[in-house]
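**Q** Numbered by this note's numbering, the letters in the sequence shown go through residues 597 to 918 in order.
Honestly, the hints are just simulated from the structure, not real lab data. There's no promise every hint is true.
Stated by the list, open to error - Computed list of lysine to any residue pairs in SDA-like fashion (alpha-carbon distance at most 20 Å, straight line):
id : residue 1 : residue 2
1  : LYS865    : GLY881
2  : LYS865    : VAL793
3  : LYS820    : LEU798
Said to hold, decoys possible - Simulated restraints on C-beta separations:
id : residue 1 : residue 2 : range
4  : LEU782    : ASN760    : 20 to 26 Å
5  : ASN861    : VAL738    : 42 to 48 Å
6  : TRP633    : LEU782    : 30 to 36 Å
Beta carbons are placed, not taken as given, at the ideal position from N, Cα and C, and that holds for glycine.
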Amino acid sequence: MLHRFSRSRPALVLAVLAVLAVVSVVCFMTLDAKGSWSFVLPFRGRKLLSLVLVAYSVAISTVLFQTVTNNRILTPSIMGFDALYVLIQTGIVFFLGASALNAQDPQLRFVLEVAVMVGFSALLFRWLFVGEERSLHLLVLVGIVIGILFRSLSQFMQRMLDPNAFNVLQDTFFASFSTVEPTLLLVASLIVLGVSVVVWRLMHVYDVLSLGRAQAINLGVDYKRVVVIILMLVSVLVAVSTALAGPVTFFGLLVVSLAHALIGNSLHKYVLPASALLAVVCLVGGQTVLERVFAFDTALSIIIEFLGGLVFIILIVRGKQR
């Protein structure tokens, strides 16, 4: 009986999460709706799409990054993506003024931010895999150091900003889902869709990669090629979600840790969809509760980052105890 339950548990968890995701979406679209539906549905629909895109991108990228690094407390943000995003925004305000932050064409700004972040990751990966072969953990350490450099440069420029300009800049430091341009949603959706096709086509290698580099090579995986592809997919997903809504450092760690706990195993055919569904439930459901039930103006990202930070600390403490 226990063995039968353990086999059916992942499917049951996925079914429950799918129902919760649908309920969250329906509540978000209909709860406390006032006025014409022809206005309410497109208005909330754009916000819903941005929430789903960010939730899906962050969840999938975190699972894949933890797979290639073989470490469940790491997230792609540790590579300095969030710090680079803040540095870009700070540089715009510092050199061009606070008005330039809102005066720029949203599409051009989105493309430039994605290009810079993907280009940064491409340089890191090229240094890692071209020429002398280096450890993947060295890549993580280099990413941490570069992230510290980016934060230091950002803080240096922020200290010299006018207080009014800093107030404008500070709004970009937290993820926001209410000011996303409709045209950006279309571009982001196409990019995420294209990446998803490649991600799901590589499904058969993720479980092998999680066994470690030596075992993956022995089992016939072209380790170097596959890892480079996965890391580039992760970079694109993180760049798109960050450029679309802003940085969410610990959100991926939160939902992926919960997904592993609920599923009860590490098979990616269950963990990937479970993480994506959990992310949608957390973002869409959380935004619904904050806006419709409690009528709070607090950004959802602040609460999520707080909870994600707690999960991060718990994972570290549990690791030391083991």
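**Q** Against the structure shown, which of the earlier numbered hints fail to hold, in ascending order?
**A** 1, 4, 5 and 6
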